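Asks: When we follow the working numbering, the leftmost residue of the sequence shown carries the number 1, and every step to the right adds one.
In case anyone wonders, no lab produced these hints; they're calculated from the structure. Do not take every clue at face value.
[Claimed, not checked] Okay, the calculated beta carbon distance ranges per label pair:
no., residue 1, residue 2, range
1, E242, Q99, 39 to 45 Å
2, A153, P132, 45 to 51 Å
3, T31, G102, 36 to 42 Å
4, E242, A192, 34 to 40 Å
5, A173, D23, 18 to 24 Å
6, P76, P258, 40 to 46 Å
7, E191, A166, 29 to 35 Å
8, T49, P239, 20 to 26 Å
9, T225, R128, 35 to 41 Å
10, G64, I214, 36 to 42 Å
11, T49, E233, 37 to 43 Å
12, G240, A148, 42 to 48 Å
13, P132, G102, 41 to 47 Å
Quick caveat: nothing in here was measured; it's all calculated off a predicted structure. Note that CB positions come from ideal geometry on N, CA and C, so glycine has one too.
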Amino acid sequence: MTTPLPAARRRIGWRVLSFDRLDSTNTHGLTLAGDAKNHGVVIVAGAQTAGRGQHGRSWLATPGSSVLMSALVFPPPELRQPARLTAWAAVAVCDLIRQVIGKHGRIKWPNDVLINQRKVCGILIEQRTVGPHVATVAGIGLNVSQDAQSFAAVNLPDAGSLAMFADRVPDAAAVAQMLLPCLDRTYQELEAGDSAALEQRWRHHLDLTGRQVIVEGTRATYRGTIQDIGFDEFRLELPGGESLRLAPEEIRHIHQDP
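Could you put the whole structure together from the sequences, leaning on the hints where they help?
Replies: Below is the structure:
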């Protein structure tokens with residue numbers, strides 16, 4: 001395993017702003033988007049009152065139970081694609097899961113991380129143009145200490161946490177500190193032009209190639225077998241043998257075909 005860089009040499013997490021409570025770590029991150037010198041600043045909260053998920057859903061967590069984190073970056077044009085940025089955060093979370101509890105995290109398209117079919121993490125990428133810069137905030141909500149009963153009580157039977165899959169898990173604050181070098185290492189790979197390595201690991205955690213799926217697209221729903229999946233193109237073999245090509249931004253959800 002690559003040795004994490006010391007905090008002073010990190011690109012991501014060289015400065016961490018920590019709060020007991022915020023409305024949203026993403027919202028706070030976007031308030032810093034006017035200055036490109038804030039590249040790599042990370043915001044962490046013990047609790048959120050107005051956290052956001054994909055498609056406007058809310059993301060709420062009891063205080064101290066989860067990693068609630070946002071990283072502010074100013075990626076160059078070739079790295080601004082939401083699929084690449086979501087992959088950056090999702091693969092880093094999967095690396096963390098392996099490190100903390102020794103389990104395999106699976107990425108569910110487009111922005112969730114699962115363990116044993118239970119959602120343990122959601123990721124939200126938001127971008128804003130400020131003057132000459134395009135700022136990106138990657139928000140990560142990772143469940144750490146909740147039990148199954150707490151999720152059932154709020155009607156989330158498919159949710160999970162790290163604690164549900166391990167005998168002992170560090171507290172959320174310690175897990176957040178462990179996530180920082182994972183995010184930094186993966187982002188520095190991207191900056192160095194090594195998108196192919198991240199794409200390969202992302203594809204591995206998606207585990208969709210060759211599977212029969214139902215694809216909910218922005219224009220239609222398709223059924224077929226995934227031939228290939230990448231940052232720039234998604235290829236699906238339709239039942240009649242025709243190959244359908246879609247851009248990642250045209251895909252809302254992918255479900256395995258029962």
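Asks: It remains to establish, for every hint, whether it holds in the given structure.
Replies: Outcome of the hint check:
Here the CB-CB span from E242 to Q99 is close to 42 Å, well matched to the stated 39 to 45 Å. Between A153 and P132 the CB atoms are about 48 Å apart, so this pair conforms to the stated range of 45 to 51 Å. Between T31 and G102, the C-beta spacing of about 38 Å keeps the proposed range 36 to 42 Å intact. The beta-carbon spacing between E242 and A192, approximately 38 Å, falls within the hinted interval of 34 to 40 Å.
As the Cβ distance of A173 to D23 is approximately 20 Å, the hint placing it in 18 to 24 Å holds. For the pair P76 and P258, the beta carbons lie near 42 Å from each other, so the given range of 40 to 46 Å is met. Taking 29 to 35 Å as the suggested C-beta distance range, the pair E191 and A166 conforms, at roughly 32 Å. In this structure, T49 and P239 break the distance hint of 20 to 26 Å, their C-beta atoms being roughly 47 Å apart.
Checked against the hint of 35 to 41 Å, the pair T225 and R128 passes, with Cβ atoms roughly 38 Å apart. At roughly 38 Å, the beta-carbon separation of G64 and I214 lies within the given 36 to 42 Å, and the hint holds. Look at T49 against E233: about 40 Å separates their beta carbons, and that is inside 37 to 43 Å. Take G240 and A148: their Cβ atoms lie about 43 Å apart, and the range 42 to 48 Å holds.
Distance hint check: the CB atoms of P132 and G102 are about 45 Å apart, consistent with the given range 41 to 47 Å.
Violation of the numbered hints given earlier is confined to hint 8; every other hint is satisfied by the structure.
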